[in-house]
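Residue numbers (the numbering used here), protein chains in the order written: chain G, 1 to 116; chain Y, 1 to 150.
These are calculated hints, taken from the structure and not from any lab test. Even for Gly, the Cβ is constructed at its ideal location relative to N, Cα and C. Incorrect hints may have been included.
[To be verified] Listed next, the stretches of chain G that the computed footprint assigns to chain Y, with coverage defined by at least 3 CB atoms under 8 Å from CB atoms of chain Y:
| hint | stretch |
| --- | --- |
| 1 | 11 to 24 |
| 2 | 40 to 48 |
[Stated by the list, open to error] Here are the computed lysine-lysine pairs in the DSS-like style, where the Cα-Cα straight-line distance is at most 25 Å:
| hint | chain 1 | residue 1 | chain 2 | residue 2 |
| --- | --- | --- | --- | --- |
| 3 | Y | Lys-75 | Y | Lys-64 |
| 4 | G | Lys-67 | G | Lys-47 |
| 5 | Y | Lys-14 | Y | Lys-67 |
| 6 | Y | Lys-109 | G | Lys-62 |
| 7 | Y | Lys-109 | G | Lys-67 |
| 8 | Y | Lys-64 | Y | Lys-76 |
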Amino acid sequence: MKKFLAYFSITVFLIIGCYVAKDMSKLPSTFDGTKVNVVDLYNNPEKYETNDADGVANIMVKETIDKTHAINAVTAIVFDFRGYDTLGESFVLFTAISGTVVILRNALKGRADKDE
Amino acid sequence: MSKKEIKVKNYIIKTAADFFAPIGLILGIYVILHGHLSPGGGFQGGVLVASAAVLIYLGYGYEKATKTLNVNLLKKSESIAALMYSFFALLGIFYAANFCRNVFYNVGKPGDLFSSGTIFLMNFAVGYKVLTGIGFLILLMFGLLNNEEA
Chain G
1 MKKFLAYFSI
11 TVFLIIGCYV
21 AKDMSKLPST
31 FDGTKVNVVD
41 LYNNPEKYET
51 NDADGVANIM
61 VKETIDKTHA
71 INAVTAIVFD
81 FRGYDTLGES
91 FVLFTAISGT
101 VVILRNALKG
111 RADKDE
Chain Y
1 MSKKEIKVKN
11 YIIKTAADFF
21 APIGLILGIY
31 VILHGHLSPG
41 GGFQGGVLVA
51 SAAVLIYLGY
61 GYEKATKTLN
71 VNLLKKSESI
81 AALMYSFFAL
91 LGIFYAANFC
101 RNVFYNVGKP
111 GDLFSSGTIF
121 LMNFAVGYKV
131 LTGIGFLILL
141 MFGLLNNEEA
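The shape of chain G in the complex, shown without the other chains:
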């Protein structure tokens, strides 16, 4: 029963993943760099127009207050646009603390036995 559940969930994940990948390939790419003139940007970077640069970064910089109502743009990016990143970061901290608990508990036990 356990094996069946595991294989069933893996197949469901795979089917949904394939469907999403197929669906996402039809979407327009967020940043393909076709509008960026690299030579012009290298020669005079101060006069280069950045208003019509395409991509997610443009939205993040210009529409943070409209989209999130947060004044601090860094927090808006870390906790809203990049919420997955912060989730992973906090679980990395959780794993590190669990590891130190496992190591230091054995050390503390050994020390206590020696003292007695």
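Given chain G's structure and the hints, the job is docking chain Y onto it.
This is chain Y only, laid out in the frame that chain G set:
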């Protein structure tokens, strides 16, 4: 002779800890709560609050630090904060949008303390998680140090 020197040192460290621990606590909680308005955020404010545990240990020793800060409660509340963050991220799915979506961002004016929806709640969850986790880690390591000396 040596005992007298240690006593004088203890008084200085104790008064310094008494003076600086409340400042660190209040500054850390301010940085956590105002993460979406001013520089800082959950991680930085949590570490600032956890520095109060170090000051209590330096001033009063390991036994008093473990008496004032319950170690088991810290460990449990860290996992509770991790679950809190996942719950606030799942709110987007309950409101029929994608994961980590900011569903009620327009609750207040931009600039208020309770504005920016789930950003405020997630910030608080991460700050709570970091302050309990780092405080627990510091107390655990100082316990090992204490045993080694004795």
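Evaluated hints:
1. Evaluation of the coverage hint for the stretch 11 to 24 of chain G: breached, as 0 residues show C-beta separations to chain Y shorter than 8 Å, against a requirement of three.
2. Here's how the stretch 40 to 48 of chain G fares: 0 of its residues keep a CB closer than 8 Å to some CB of chain Y, so the rule of at least three is not met and the hint is violated.
3. With a C-alpha separation of about 18 Å, the suggested pair Lys-75(Y) and Lys-64(Y) falls inside the 25 Å cut-off, and the hint holds.
4. With a C-alpha separation of about 29 Å, the suggested pairing of Lys-67(G) with Lys-47(G) is violated against the 25 Å cut-off.
5. Between Lys-14(Y) and Lys-67(Y), the direct Cα distance comes to roughly 17 Å. Compliance with the 25 Å bound is thereby established for this hinted pair.
6. Distance hint between Lys-109(Y) and Lys-62(G) is fulfilled; the C-alpha atoms sit about 18 Å from each other, no more than 25 Å.
7. Only pairs whose Cα atoms come within 25 Å are accepted, and Lys-109(Y) paired with Lys-67(G) is accepted, the gap being roughly 12 Å.
8. Taking the CA atoms of Lys-64(Y) and Lys-76(Y), the gap is about 20 Å. The hint holds against a cut of 25 Å.
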